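S.K.: Letter by letter, the chains look like this.
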Amino acid sequence: MAEEYDLKTDELIVRKWRNKSTLGAQGTWQVEVGEPLAGPVTSSDSEVIKENCSNPVFMRKDTKTSFQWRIRNLPYPKDVFSVSVEPSERCIIIKTSNKKYYKKFTVVDLDRSQLPLDGSALSFTHANNTLIVSYKKPKEILTLEQELMKELKKLKGTGDGDVDCKTQ
Amino acid sequence: MAIEVEMATTKVPEVRDITRIERIGAHSHIRGLGLDDALEPRQVSQGMVGQLASRRAAGVILEMIKDGHIAGRAVLIAGQPGTGKTAIAMGIAQSLGPDTPFTALAGSEIFSLEMSKTEALSQAFRKAIGVRIKEETEIIEGEVVEIQIDRPATGTGAKVGKLTLKTTEMETVYDLGNKMIDSLSKEKVQAGDVITIDKATGKISKLGRSFTRARDYDAMGAQTQFVQCPEGELQKRKEVVHTVSLHEIDVINSRTQGFLALFSGDTGEIKSEVREQINAKVCEWREEGKAEIIPGVLFIDEVHMLDMECFSFLNRALESDLSPVLIMATNRGITRIRGTNYQSPHGIPIDLLDRLLIIATSPYTEKETRQILKIRCEEEDVELSEEAHTVLTRIGMETSLRYAIQLISTAGLVCRKRKGTEVQVEDIKRVYSLFLDEARSSQYMKEYQDSFLFNETQTGQMDTS
Numbered sequence: 001m002a003e004e005y006d007l008k009t010d011e012l013i014v015r016k017w018r019n020k021s022t023l024g025a026q027g028t029w030q031v032e033v034g035e036p037l038a039g040p041v042t043s044s045d046s047e048v049i050k051e052n053c054s055n056p057v058f059m060r061k062d063t064k065t066s067f068q069w070r071i072r073n074l075p076y077p078k079d080v081f082s083v084s085v086e087p088s089e090r091c092i093i094i095k096t097s098n099k100k101y102y103k104k105f106t107v108v109d110l111d112r113s114q115l116p117l118d119g120s121a122l123s124f125t126h127a128n129n130t131l132i133v134s135y136k137k138p139k140e141i142l143t144l145e146q147e148l149m150k151e152l153k154k155l156k157g158t159g160d161g162d163v164d165c166k167t168q
Numbered sequence: 001m002a003i004e005v006e007m008a009t010t011k012v013p014e015v016r017d018i019t020r021i022e023r024i025g026a027h028s029h030i031r032g033l034g035l036d037d038a039l040e041p042r043q044v045s046q047g048m049v050g051q052l053a054s055r056r057a058a059g060v061i062l063e064m065i066k067d068g069h070i071a072g073r074a075v076l077i078a079g080q081p082g083t084g085k086t087a088i089a090m091g092i093a094q095s096l097g098p099d100t101p102f103t104a105l106a107g108s109e110i111f112s113l114e115m116s117k118t119e120a121l122s123q124a125f126r127k128a129i130g131v132r133i134k135e136e137t138e139i140i141e142g143e144v145v146e147i148q149i150d151r152p153a154t155g156t157g158a159k160v161g162k163l164t165l166k167t168t169e170m171e172t173v174y175d176l177g178n179k180m181i182d183s184l185s186k187e188k189v190q191a192g193d194v195i196t197i198d199k200a201t202g203k204i205s206k207l208g209r210s211f212t213r214a215r216d217y218d219a220m221g222a223q224t225q226f227v228q229c230p231e232g233e234l235q236k237r238k239e240v241v242h243t244v245s246l247h248e249i250d251v252i253n254s255r256t257q258g259f260l261a262l263f264s265g266d267t268g269e270i271k272s273e274v275r276e277q278i279n280a281k282v283c284e285w286r287e288e289g290k291a292e293i294i295p296g297v298l299f300i301d302e303v304h305m306l307d308m309e310c311f312s313f314l315n316r317a318l319e320s321d322l323s324p325v326l327i328m329a330t331n332r333g334i335t336r337i338r339g340t341n342y343q344s345p346h347g348i349p350i351d352l353l354d355r356l357l358i359i360a361t362s363p364y365t366e367k368e369t370r371q372i373l374k375i376r377c378e379e380e381d382v383e384l385s386e387e388a389h390t391v392l393t394r395i396g397m398e399t400s401l402r403y404a405i406q407l408i409s410t411a412g413l414v415c416r417k418r419k420g421t422e423v424q425v426e427d428i429k430r431v432y433s434l435f436l437d438e439a440r441s442s443q444y445m446k447e448y449q450d451s452f453l454f455n456e457t458q459t460g461q462m463d464t465s
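Taken in sequence, the protein lines are chains L and F. If you number the first sequence the way UniProt numbering does, the last residue is 168 and the count never jumps. If you number the second sequence the way UniProt numbering does, the last residue is 465 and the count never jumps.
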């Protein structure tokens, strides 16, 4: 797991995971928070199948007080969307009445601290072809993040510019 | 510039089928061991002729392999040249089916400058052990709304394609690579089909046609199945079971990590620590019920080409409980063991011979030879007249079966050149005079030895052992 924080505002910019597959091969980075990785396009990539760039792009970008998800490239009016909580499956569902977009996702932070999902904490807005879904962070998460921040402050950041790379 | 070609439901342009052209090999007529359910060999079946006792023995070995409990047994198929040793091994491979690993190599293949002999043997051993394991993969499942393929105006170059898929809840447009375009047109996927695509490998499988298209009666076979349009998200994670060999797991885990992987081309030697770790891991998986070990078969042809070091390695390797069933074949009698000055039966040390079950093959009778030649004629698509068949059988008995088989396609060609449809005795005579067999060639050598180059060096025979 790797996390990146803004040094000035203490905001979480990126959190990503990388796991080994069952057979031991190194997997690719799975981005939990922040911009999806856009690696260099290699020739083998174009061999198979991938989403067209005009499709909606789903990403998570948190603020201080809430978890926030942004879905870009959704050029439909606001009343098309409906966002709801599914407590039995512990996930949030985004639906569209014109059947163009559907997404089921979990709030991993809540799963990790085993907190319940609350429908009243959920809200969404739509502007500039982007749907923004917000979920207010519960108290437990806020205190946990404050403690984590204190720990992180103790770490010494590296200086500006490039980090020294040991030559092989 | 690209011309856009909209594809209508019924007008999928036919692409030349990308099927492998199968060539006819020496043993391509073998489809199994030709045994019945009680393991009794049939006289002629599945491309096999005669060798009843050895086929029966091979059938018993086959049952043992299928059972999968016994590890590290070794079998030697010994017999004169051209008595069907390799054919029996191929028969075993064919009857095992595609799920059991079968690795075949010739004894001389392990001598390489890049790899030590024992490493090559270890790799071959590990290729012959399969592991069935569950893995999670990402699949895309949905109903095809539209396929659109753009071809460059010049007719050559990369094609670009778009595929729109939907579920009951959503719709997504995908960009297609060249490989995907080819396999989509090969599978004849059209709008209204419900398909799944494995995202990593790009494998497409058609589930059926969507119920919403049930009214279009065009282009529909009797076996067309109607299915519901999938629900929920297009991308799903799904567990699939597949078989990999231990060697493949070794390679995955021994790749140099990071950018250094770019510079180390092939796998080369695999560290023994990596192998030990993987053995431990696989045993752990098996105990947890996550994986199943499928011991396969390692077939070493011309096993007398191995030397003393390899034989002692084999002795040791067969004792491991992760070893496959080893089948070897040789056509040597009592000869020198490679790498020593000792003589031994089959050129194999006595201590290894002691661990082997030996199957002997015997020369074919005239009737069997005739039968084999008939099968090969069918395989090579050559029509033979009755007399020509008799003549060819005689040639097969007096020279060798292989020589007679070689004459089939050559005689077929001669016959076609004179615009005949059936190979006659004349054609056989023609090729018999054109191509020498081993005995006639040796005879010729003896007669004209003096006029060949370097004839003064007549010391000793060629050393092949």
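Keep in mind that the hints were calculated from the coordinates and are not lab data. Since the model is a prediction, treat every value here as computed from it, not as a measurement. For every residue, glycine included, the Cβ atom is placed at its ideal position computed from N, Cα and C. Fair warning: there could be bad hints in the mix.
The list that follows gives simulated cross-link-like pairs (lysine-lysine, DSS-like), each with its CA atoms no further than 27 Å apart [as the list claims (entries may be wrong)]:
#1 Lys100(L) <-> Lys188(F)
#2 Lys100(L) <-> Lys206(F)
#3 Lys100(L) <-> Lys238(F)
Facing chain L, from chain F, some residues (calculated, C-beta under 8 Å) [to be verified]:
#4 Glu138
#5 Ile139
#6 Glu141
#7 Thr172
#8 Val173
#9 Ile195
#10 Lys199
#11 Gly202
#12 Cys229
#13 Gly232
S.K.: Of the hints stated earlier, which fail here?
M.R.: 4, 5, 6, 9 and 12
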